[in-house]
Structure formats: C-alpha cells, structure tokens
Amino acid sequence: MIELIDVEKRFGGVAAVEGISLRVPSGKVCALVGTSGCGKSTTLRMINRLIAHDGGEIRLDGQPIDSVDPVQLRRRIGYVIQHTGLFPHWRVARNIALVPRLLRWPKERIEARVAELMALLGLSFDELAHKYPHELSGGQAQRVGVARALAGDPDILLMDEPFGALDPLTREKLQEEVARLQSSLHKTIVFVTHDMDEALRLADHLVIMRAGRIVQQGSPLALLRAPEDPFVESLLGGLERGLKQAALMRVRDHMGSLGPSLPSASRISIDASLRQGLSIMLRDHAERLTVVDGKDVPVGELSLRRLIKETQWEQPTSP
Amino acid sequence: MTAISKEERTARQGSDKCFVPNIVLITLSLGLLMLLWSVDSVSIAPNRIVPGSGFMLWQALGLPGALLVSVLIAALAALALTPQKRFYSAQLIIIALLLLLMPFGLMVAGALLIEPDMPQARLGVSGGFWCLLFVMLLALVEVRLRLKLSRLWPALLLCFVAAVWWLCALSWLDHVALVQEFKARDAQFMRALQQHLVLVGVSVSLSVVLGLALALAMRRFSRLNRLGFALLNFVQTIPSLALFGLLLAPLAWLASQVPLLARLGVSGIGMAPALIALVAYSLLPMVRNTYTALDEVDEATLEAATAMGMRSAQRFWQVRLPLALPVLIEGVRITAVQAIGLATVAALIGAGGLGTFIFQGLGQAAMDMVLLGALPILVLALLVDASLGALAERLRPEGMQ
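Protein sequence lines correspond, in order, to chains A and B. For the first sequence, UniProt numbering begins at 1 and goes up steadily by one. For the second sequence, UniProt numbering begins at 1 and goes up steadily by one.
Honestly, the hints are just simulated from the structure, not real lab data. Owing to the predicted nature of the structure, the values given are computational and were not obtained by experimental measurement. Just to be clear, a hint being listed does not mean it is correct.
From the derived model, a few chain B residues whose C-beta atoms are all more than 10 Å from chain A [said to hold, decoys possible]: (1) R48; (2) T82; (3) L133; (4) L152; (5) W153; (6) F160; (7) D174; (8) K183; (9) L232; (10) A272; (11) E303; (12) A307; (13) R311; (14) V319; (15) V384.
Straight line, CA to CA, 25 Å or less: simulated DMTMM-like cross-link-like pairs of lysine to aspartate or glutamate [claimed, not checked]: (16) A:K244 <-> A:E135; (17) A:K28 <-> A:D66; (18) A:K131 <-> B:E299; (19) A:K131 <-> B:E296; (20) A:K244 <-> A:D155; (21) A:K187 <-> B:E296; (22) A:K131 <-> B:D40; (23) B:K148 <-> A:E135; (24) A:K131 <-> B:E142; (25) A:K131 <-> B:D368.
We put the beta carbon where it would ideally sit given N, CA and C, even for glycine.
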C-alpha cells in the first residue's frame, strides 16, 4: 500500500506540488494525469526518493520512506521511464539482471529469473537476450524496461509515461500486455501519463492534477460521471465523455434477456464494451444487437432504447 | 525481414550505379603525378657538408621505374572515377604497394646515380619522395574511411611498412644520408628515443591520473570549475620555451634549499622541469576531455541507474565511466600526440629526447640529422594516434556507435 499524506515539494521556495494526499491499496493501479508541468512526475519520483519531499509523509505499507536507506528502498520498487533508460553498453539479459545482481541473488536464480521475465513479456530469449538495446525496436526496448523493473520482484511499480514514446499500435499492445500482467501479478502500480485513454484503460484509481495540486480523484467511472469542474471535464474528453464512459462498461452488465426470436442479424460479443456496441449499432443501422458468447451462441440482446433509459449509468461490479 | 533486406540490397545496387567520382583521391593522385615529374625526388651530395644536386624521378629510377610508379598512381586516380567497394580495396593494395616499394626505389636510385668511386657520396631524400609519402598517407586515411575499416588496420599496415623500411635501411640503404646519420650515432639515437618515450610516457600517465582527479573535483565543486579551466587555458597560452625558462629559476632554488629533492634529480634543467612543463600542457586537453566525457553521459540512463538502486560508486564505475571511456581515451590520444611533439623542445633544457638531433642538426646545418630526429617523432605520433584511436573505437559500447 502506498500512502501520500499532505505531501509537498518546493523548488527554490516555489511549491512544485502541494497538499498531495492519496492512497493506493495493494494490488491496485493508480494513474496520475494532468497537463505538462502539473507536478505529476515530481509526485511519482518522490515515492522512490529520486526527489526528496519537503513536507507531509509518504508511507509504503505503513512505513515512512525516509526511515529506510534510499538505495534499499529503490531496490524494492520497480521503475519504468519513457525512454527506457536501458544501459546502452549492456546486453538485454544483463540489463534485466540489474536489480537481482544488486540484491546479490545467486547466479542460477538470476539466470532463471531473466528467462522467466523475458518469456512473461513475450521476448524471445534466444533471439534477444544477447542483443544491445540499440538493436531493439521501440516496443521491444520498453518491454525490456518493464522486465528490468519487475526483475527484483518488487511489490510496487512506478512508471513515468512508460508508453509515451511509442507509436499508437505498439502503445496499445503494451497497454494490453501490462493489463494482462497486472491481472496475474497484482503489483501496486502508480503511473504518470498525459494520455487519458491509457489512464482510463489501466487505472483503478484516477488522480487529476493541475498546478501542483490534486483537482479530483476517484475511480475512472466516478470521475467520468461527475467531473468536478470544466478542467477535469475537458481532460476527460469533453463531448466524448459519454463514449469514454461507455468504453469502460461491459456488454455483459447491460444486456437484456433474449426474446423468442433473435433481435437482429448484427452480433456483438458478450465481452465487448458498450462503446463497441454503440459503434456497431451506428454502422449497421440497428437499434438492437444480438449478444453472443465465446462460442457464437446467442445469449441476450443489447437495446439502444434500454441503454438510453439507464439515465444513471450504473457502475458494474465495482473493482 | 527478407523483403526489407532485399529492398535494401536493390537500393544499394541502385546507388552503386550512379557513382560520384571521389574528388579527393583524384586531386591527390593527379597533383602527385605532376609533382613527381617536375620536382626533384632525390639528391646526391659528394659528402656531408657540400649541398647535393637534385635528380628527377626518371633519373633516379630509370624510365621504366618512373613509368611504373606513374602508372600505379594513375590507376589510383582512375579507380576513383567510379568508386565502389572493390575499387577502394584495390586502391588500398596500390597504396600499400607504393609504400613498400619506396625503400627499393631508393636502392635503385643509389645504384643508378652513385659512382663506385664516390664512397663518401650520400643519397638525400627530396621533395618528390616526401610528397609521395605524404600523399600515400592521406590517401590511406581516405580509403580507410570509405571502406569503413577500423583504425586498427591502417595502423597495422603502417607498422608492417615501417618494419620493411627499417630492415631495408639496416641492410641495403647505406648510401642514404639518413641511414648514414643513424649509423654514425645509433647508440645515441637509441638513448634519445628512450628518453623521449620516458618523457612522453611519464608525463601522459601523470596527466591522466591528475586530469581524472581534477575533472572529478571540478564536477563535484562547481566553483573550482571556472578557476580550473581559466588556469589551464592560461598555461596553454605560455610558449613552451618560455615555460621551460620560467621553471628554471624556481626549480634550481628548490633543489638548493631541499637536498632531498636534489638527490631525487630535481634541478633547474633536465628531466624535472621538462616533465613539469609537459604535464602542465597535457592537463588542459586531458581535463577538458575527461570533464566533457563524464558530463555527456545521458542523464536518463544515470537516473535509471539511481532509480534501480545503484549506489553512487556503483553508478560511477558501472555506468558513467564505461559510457564515458571512449571520449576519455580520445582525450588521452590528443594529449599523447601533443606531448610527443612538445617533448622535442625538452632537448633545449637538457632533458634529452629526439629533439636533441633536431637542434644539433639545425646548429650544424645538417638537414639529414634534423630528419633523424623529426622522422621518428612523426612515426611515433602516427602510431600512438592510430593505436589509441583504435582502442577508443573498440571501447565504444556497441549501443553508442
């Protein structure tokens, strides 16, 4: 668990961040979002003491971070940055092995860990382990960056715009990958991004920052439903907000039961999002869709009229 | 994957078809040809004192020999018209061939031009010959760059050529004035060479250690930064001869006041002031390069090192230093080449070295003796330059090339 209590940082007397209080329970993902210079990176970097905080308290699992040796602290925290920060003079395997080596793990354990992580991130050991970072594609390099951050098996992962330098396709793929990993690893993750879609996709807890302060925080759906001011609303997509909200809702939670006959020739998977459902309705000129399960068996119907009548878009199984 | 490489291959073939003539090599070889047929290549003097009379290429080598050399040089130019990789390789072979043929040319010249009844006659090496050597070295650099060879190969080639020349000089080139000068004082030459190497070796190693320490101190205490560089820049502006002179009085005084120092060999003239001056000059390039090298390491990489939990010593030895090393070695290279040249002047204050021959030769108006000092200095500088350059290239992490 990560707790920030009224944290403050001043650079030369000017407050860079002020009154930051937030709590990330173990195994949850928290996204810090805001325009550039709003202090989100500063906040992140105070957690592993790359920057020292000037006021308030930061606790990891109840323990104030200034009571621990910063080096020991950092070895317990994984860290991913935008331009990977891989060491150009080390091969991939050595880069990944960095933290385990610092922790003085035995050699066999390190080798096994490197192989395990490369497999976990979809990196071919035979092909890539002995390459230098400059020989990798952007996506591969960032995967290595994530593998390196996970190598020491830390409970906490900090990511500073981890996918910001990647092309949209690669970025989306890596986001999926991280979501998949998180569903099995259950790390406590704090990440910084200015890509709202990325934040909505990955985060359990969304923190909106402006000028060094937290403007609003809560679950993505809660924020989408009730943005506090125009700034938050514009960050959340302005007029697109409804669609962004629909993207977070599953068909399975909003479908009606199947009548005697199939409602429509247009089909949608039960695992799809409402946003995809709305898209198909527009494309096929259909007010109702047939919901099918994984084996293409009809299991229900999705009706536009019913969706619109759900004035208060109920939150599905809350995480 | 295969599709891309195929595309690349066709693209490369395409670019090969519209060659741009290599102007550098063409200009060099045509200019050289003109010089060789219009300037004296060797000179013959009846003895050491009398100035010699010059001979042209065709007189020195005979017409067939002169034509052979000209054809080789013309081939160099012709190959440069439509340069491709294998043409550059051919040029490399021609250059090596010409370099290797040069001492044999001198042999032929000696046989053709020196009458058997002139045992004192000396074969001098003149303009044309030097031009040939100089242009070949330039062409070698150009071809190396075009072939994207490591600096190691030309260095090895030059070593081989130097060895062949050395062998020829020892066994067959008795008439060449330079060889005669050497044979007249080979023990002295060896001592001077050794002194020169000691001067350079000690001063460069001292300045590497001091330079590293100073650069680190400057990085830590930024106030030292300005002062340090100002001081080092100031030292660099003092003419070398003046610096030697300036050190004379204080060191002599020190030696007279502290007997221990005198016993260690410190005095107003000799090794001590020479070393001090050489180190003082070497510090600026060394410190500047070390400082820049350490400073230029990517900030994000260093931050990642910290964030992963490296201690500052680990970060320095495992990340900052290895990444800075190539630039740092470049600094050592510049420093060493500069020191090899500067150590020449040390002869004036009794520190010995190859400069001795240069100043003696100048005093006696014996140009061949000047060359006996100057040529090894040149070779030394080239060798150090090439080998340290190759080392820096090798140390460059593959990710940074």
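Tested hints:
1. For B:R48, the requirement that its beta carbon stay farther than 10 Å from each beta carbon of chain A is met, with the minimum near 57 Å.
2. Every CB of chain A lies more than 10 Å from the CB of B:T82, the least distance being 34 Å, so the non-interface label holds.
3. The Cβ of B:L133 lies farther than 10 Å from every Cβ of chain A, with a closest approach of about 39 Å, so its non-interface assignment holds.
4. Under the 10 Å C-beta cut-off, the non-interface status given to B:L152 relative to chain A holds; the minimum distance is some 20 Å.
5. Against the 10 Å criterion, B:W153 stays outside the reach of chain A, whose nearest CB is about 24 Å from its own CB.
6. Even its closest Cβ contact with chain A, about 33 Å, leaves B:F160 beyond 10 Å, as expected for a residue assigned away from the interface.
7. Chain A leaves B:D174 outside its interface by the beta-carbon criterion, the shortest separation being 53 Å against a cut-off of 10 Å.
8. No Cβ of chain A comes within 10 Å of the Cβ of B:K183; the nearest lies about 51 Å off, and the non-interface call holds.
9. At the 10 Å boundary, the C-beta of B:L232 stays outside the reach of chain A, the nearest C-beta of that chain being 30 Å off.
10. Non-interface status of B:A272 relative to chain A is upheld: no Cβ of that chain comes within 10 Å, the nearest being about 41 Å off.
11. Against the 10 Å criterion, B:E303 falls within the reach of chain A, whose nearest CB is about 7 Å from its own CB.
12. Distance check on B:A307: its Cβ comes as close as 4 Å (rounded) to a Cβ of chain A, failing to clear the 10 Å threshold; non-interface status is violated.
13. Under the 10 Å C-beta cut-off, the non-interface status given to B:R311 relative to chain A is violated; the minimum distance is some 5 Å.
14. The non-interface label for B:V319 is inconsistent with chain A: the shortest C-beta to C-beta separation is roughly 6 Å, within 10 Å.
15. Against chain A, the non-interface label of B:V384 holds: every CB pair exceeds 10 Å, the least being about 25 Å.
16. A distance of roughly 37 Å separates the Cα atoms of A:K244 and A:E135; the hinted pair therefore is violated under the 25 Å criterion.
17. About 23 Å separates the Cα atoms of A:K28 and A:D66, which keeps this hinted pair within 25 Å; it holds.
18. This hinted pair checks out: A:K131 and B:E299 have alpha carbons roughly 22 Å apart, not beyond 25 Å.
19. The straight-line distance between the Cα atoms of A:K131 and B:E296 is roughly 24 Å, inside the 25 Å bound, and the hint therefore holds.
20. Pair hint A:K244 plus A:D155 does not hold up; C-alpha atoms about 30 Å apart against a cutoff of 25 Å.
21. A threshold of 25 Å between alpha carbons decides the hint, and for A:K187 with B:E296 the separation of about 35 Å lies outside it, so the pair is violated.
22. Note on A:K131 and B:D40: the hinted pairing is violated, with a Cα-Cα distance of about 57 Å set against a maximum of 25 Å.
23. For the hint pairing B:K148 with A:E135, the CA-to-CA distance comes to about 20 Å; that is within 25 Å, so the pair holds.
24. Between A:K131 and B:E142 the alpha-carbon distance is near 32 Å, which puts this suggested pair outside the 25 Å criterion.
25. At most 25 Å may separate the alpha-carbon atoms for a hinted pair to count; A:K131 and B:D368 exceed this at roughly 55 Å.
Checked against the numbered hints listed earlier, the structure breaks hints 11, 12, 13, 14, 16, 20, 21, 22, 24, 25; every other hint is satisfied.
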